[in-house]
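Asker: This is what each chain is made of:
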Amino acid sequence: MLTVLLILLPLITGLITFGTKGASAKVLSLLSSLATLVIAVIAWLKFKTAPDALQFTVDWIPQLGTQFNVGLDGMGVMLILLTAISFPLIFITIFSRNYERSGAFYGLMLLSQAGLIGVFTAYDALLFYMFWELALIPVYFLCSMWGGERAVPVTFKFFVYTFAGSLLMLVGIIYIYSQTPGGSFSWTTFTSMQLSSTEQSWLFWLFFVAFAIKMPVFPFHTWQPDTYEQSPTPVTMVLSGIMVKMGLFAVVRWLLPVLPKGAYMWQEAAIVLSVIGIIYASCIAIMQSDIKRLIAYSSIAHIGLMSAAIFANNEQSMQGVMVQMFNHGINIIGLWMLVEVIQNRLNTKNMNEMGGIATHAPKLAIALVIVSFANIALPLTNGFIGEFLMFSGLFQYNPWFAAVAGVAVILSAVYMLRMLQKVIFGEANAQTASMRDLKAGEILAIGVVVAVIFILGFYPKPLLELVNSTSLLVNAINFK
Amino acid sequence: MNALISTAVFGIVLMFIGLFVKNRQHIKYYAVAGTIIAFIANWFDAQLVTNGSVVLHNMIEVSKFSVLFNAVAITATFLYFVLCGSAFEKAGDDVADYFALTFFILAGITLSGSFYNLLMLFLAIEIISIPQYILAGVDKKNLKSNEASLKYFLMGSFTTGILLMGIALIYGATGTFNIREMGLGTGDLSPLALCGIILLGFALAFKVSAAPFHFWTPDVYDGSPTVFTAFMATVVKAAGFIAFMRLFHVSFAGGNLSTHWQLIIAIITAATLLIGNFTAVFQQSVKRMLAYSSIAQAGFMLFAIVAVNERSSQGIILYSVAYSVATIGVFAILLKLKDYTFEGYNGLAQKHPVLALVNTIFLLSLAGIPLTAGFFAKYFVLSAAVQQGQLLWLVILAVLCAAVSAYYYFRVIIAMYFKAGDAETSEPITIGFKAVLVVGAGIIILLGIFPNLLLQFL
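Protein chains in written order, with my numbering: chain Z, 1 to 480; chain X, 1001 to 1458.
For the record, the hints were derived by calculation from the structure and aren't laboratory data.
Hints should not be assumed to be uniformly reliable.
Taking lysine-lysine pairs in the BS3-like style, the calculated list, with each CA pair at most 27 Å apart, reads [unchecked claim]:
| no. | chain 1 | residue 1 | chain 2 | residue 2 |
| --- | --- | --- | --- | --- |
| 1 | Z | K349 | Z | K461 |
| 2 | X | K1022 | X | K1144 |
| 3 | Z | K157 | X | K1151 |
| 4 | Z | K21 | X | K1022 |
| 5 | X | K1144 | X | K1064 |
| 6 | Z | K21 | X | K1434 |
| 7 | X | K1419 | Z | K349 |
| 8 | Z | K21 | X | K1151 |
| 9 | X | K1140 | X | K1064 |
| 10 | X | K1338 | X | K1141 |
| 11 | X | K1064 | X | K1141 |
| 12 | X | K1151 | X | K1090 |
| 13 | Z | K461 | Z | K439 |
| 14 | X | K1151 | X | K1141 |
| 15 | X | K1064 | X | K1022 |
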């Protein structure tokens, strides 16, 4: 029941928020997201003691044999926690801002949260597909309506891309469903199917393309920088912090267990694409002068590494991916928060027009340094443990891939430090000289991020324990 | 059977009502009442007649499926009258006649799901077609309306010839008009029967505007008064599919008979999907876009004919509802606008938020986004095809076309929400009109979550 509540709460409050106006929408959505956080924490505690209590099944469409089947495993709990922590943080960061038609804005934000939680909890393929799409629609409207001047065409490209991808996945789902005895969509049935190698080999691509577009993996990434740049920053946080995790999550939950032979066959291809993406995105990130685009490309590089590690598929790489999914979410949301603050104060995204923030807004500068270092995965920040595990896993699979991907660590240091140098050091100009430092609400939100960065940097054990069961489960699958 | 009688009788009654009711605006209330009575009569069919019983001297078979489809068609017509009834008055002088003709079409539609004899099939198709020829040309002083009517009539009557020819060949090969007694699947298929099947397939493909027999559709839908296009493109089209499916699944399936025509229909499906979707992308007028969209949607409905199994009949019913309700809604809103191009929708969300919202729901349903009935409609027909086997290429083509279709449906949404403009309406929007639209959108969402609400009747 707890799991259902996690989906229903943001869904219902989201619909109610549509009818509200002005400040009440803000307050309502903040309260709703905090309540979701409380439930998520309860679910986490429950998961430690009685994980079975989080499963919930009820018949949905008997003609099809589909069920409303939701539940949580270690990875699910971790991603739910990430979602539940992110939304209050986002709402606190933007609390002082006033959006036009705020009822619709906050309503759509909460609906997208419901969709995301649905994706992470669904144990029925059709239900999973529905939530997968449902998470997309609110984001489409959010980006188009409150985004930058090119937002409408850019978001539309994003929509068509992901829609086409997910339709291919739908074909895959229908095909596997038609092969199940008696017709069932449940995860258990799907994973126990023994499909032939040829079937798995082409089914793999139907699923992989859908997930690769969402992550995004090279060459399916072209929607991403534009969309991140043009979206309003709170939506970018949702997109880059949580939504891209849908793709990674789906590979671990659906692709590897359902199509193990297919994944084994195309393992190399998927890793090669991911590694190309890492290098390619890092190089472009170095050339950016727009701070939002820089972070967008850095995100492609990080996701590429995670995707490569998933397909390397050994115990270490798997654990690294799980940990990094959470940490990357926190770090990138922290980065976007600071970008939002900077952009709001200076009215520019161009790094060449910034500089000298360190002297005029020291707290902001310190926060930016910490979050950037976490993004580079310096030891004692939360990013380190995940990247270390992933590289070590990738090395076990093939040292060459690890070596090439390792270049990305150096490159990421280059572009992040270059960004720091341009934004916070150097000469102050008229705009940055009069810049206000962080306000109380912003300090609270960013303080939480910084705290998580250090705590998980020193003591990642709870996170590792949480996801251990899932990574073991995936490793137990016979891939040959 | 009751549905047939009641709709036919009400058609005649409405013709005479035109003589006695002086206030033209009252006629639509009689028509709405007529659909309610027809619905009740149809409900009695379900109660009194056992499933699959044959009535009227082996001419009509009353089954759960036919009763359900009749209920769907009558309900859609009810919605249509309520939403677009006032537009009838603007189409021309003889309002009562237009309603009467619509009822005659409805009478033909009730036959399309229950014919038991090829003659009744012919009657159903003709009863549906002839009033449409008239309705297309109602706007007598408009050259485009004249063209639409003439074009439709000439092409339609030519196809009627082909249809008759097919029936004659089938009769020659089997010696019977009865659709269940042909026994074509038992022995080798004679060339005569094969020709008959193919001619019937082509004639029916014309009626449902499948490519390459679709050329009349854009011109006729665009030229006819919009209010009648709304009916032609929805309920009538669905009825064509029901007749198509009934004939091919009952008479021309069984054994390996379906392998003779399946590939042809599959190729027609592929062509329809490609032509409909890709041409719709380039339209500037929403009305014409909807004409091509109706061709594109026909491509999906054709899946139900290619795949011979139970899922396809579930799919076609669901598709009829999802497609008819959504398209009637979109047309009803279009009818209220002054400008039929995409620009005409600019800024509708600011001016009439409710209209924009329900229009969005209808368009999302047409695009097949989950949580709308359109998703499950597409889901059922596609999964029927996958179940059939050998058709995966067609399914993948179809989903890619569905992604293309998102482009032109979203153009309307983008215009409504993200473009500044005036979105002038030609007449005031009443609360009642909005309420009915909201009910329509409610049906779409409800069936998008619980499709078994409808399918349980099957």
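Asker: The structure should be examined with respect to each hint, and the outcome stated for every one.
Answerer: Verification of the supplied hints:
Among the hinted pairs, K349 (chain Z) with K461 (chain Z) is inconsistent with the structure: their alpha-carbon atoms are about 38 Å apart, more than 27 Å. Restraint check for K1022 (chain X) and K1144 (chain X): the C-alpha separation of about 30 Å exceeds 27 Å, so the hint is violated. Distance check on the hinted pair: K157 (chain Z) and K1151 (chain X) sit about 39 Å apart at the alpha-carbon level, beyond 27 Å; violated. About 49 Å separates the Cα atoms of K21 (chain Z) and K1022 (chain X), which puts this hinted pair outside 27 Å; it is violated.
About 41 Å separates the Cα atoms of K1144 (chain X) and K1064 (chain X), which puts this hinted pair outside 27 Å; it is violated. A distance of roughly 23 Å separates the Cα atoms of K21 (chain Z) and K1434 (chain X); the hinted pair therefore holds under the 27 Å criterion. Taking the CA atoms of K1419 (chain X) and K349 (chain Z), the gap is about 25 Å. The hint holds against a cut of 27 Å. Taking the CA atoms of K21 (chain Z) and K1151 (chain X), the gap is near 54 Å; set against the 27 Å cutoff, the hint is violated.
Between the alpha carbons of K1140 (chain X) and K1064 (chain X) the distance comes to roughly 42 Å, so the proposed pair goes past 27 Å and is violated. In summary, the hint linking K1338 (chain X) to K1141 (chain X) is supported, as the alpha carbons are separated by about 19 Å, within the 27 Å threshold. In summary, the hint linking K1064 (chain X) to K1141 (chain X) is not supported, as the alpha carbons are separated by about 45 Å, beyond the 27 Å threshold. Proximity of K1151 (chain X) to K1090 (chain X) is assessed by CA-CA distance (about 23 Å); at most 27 Å being required, the pair is judged to hold.
With a CA separation close to 33 Å, the supplied pair K461 (chain Z) and K439 (chain Z) exceeds the 27 Å bound. Taken as a hint, the K1151 (chain X) and K1141 (chain X) pair is honoured in the structure, with Cα atoms around 16 Å apart against an allowance of 27 Å. For the hint pairing K1064 (chain X) with K1022 (chain X), the CA-to-CA distance comes to about 41 Å; that exceeds 27 Å, so the pair is violated.
The earlier numbered hints that this structure contradicts are 1, 2, 3, 4, 5, 8, 9, 11, 13, 15.
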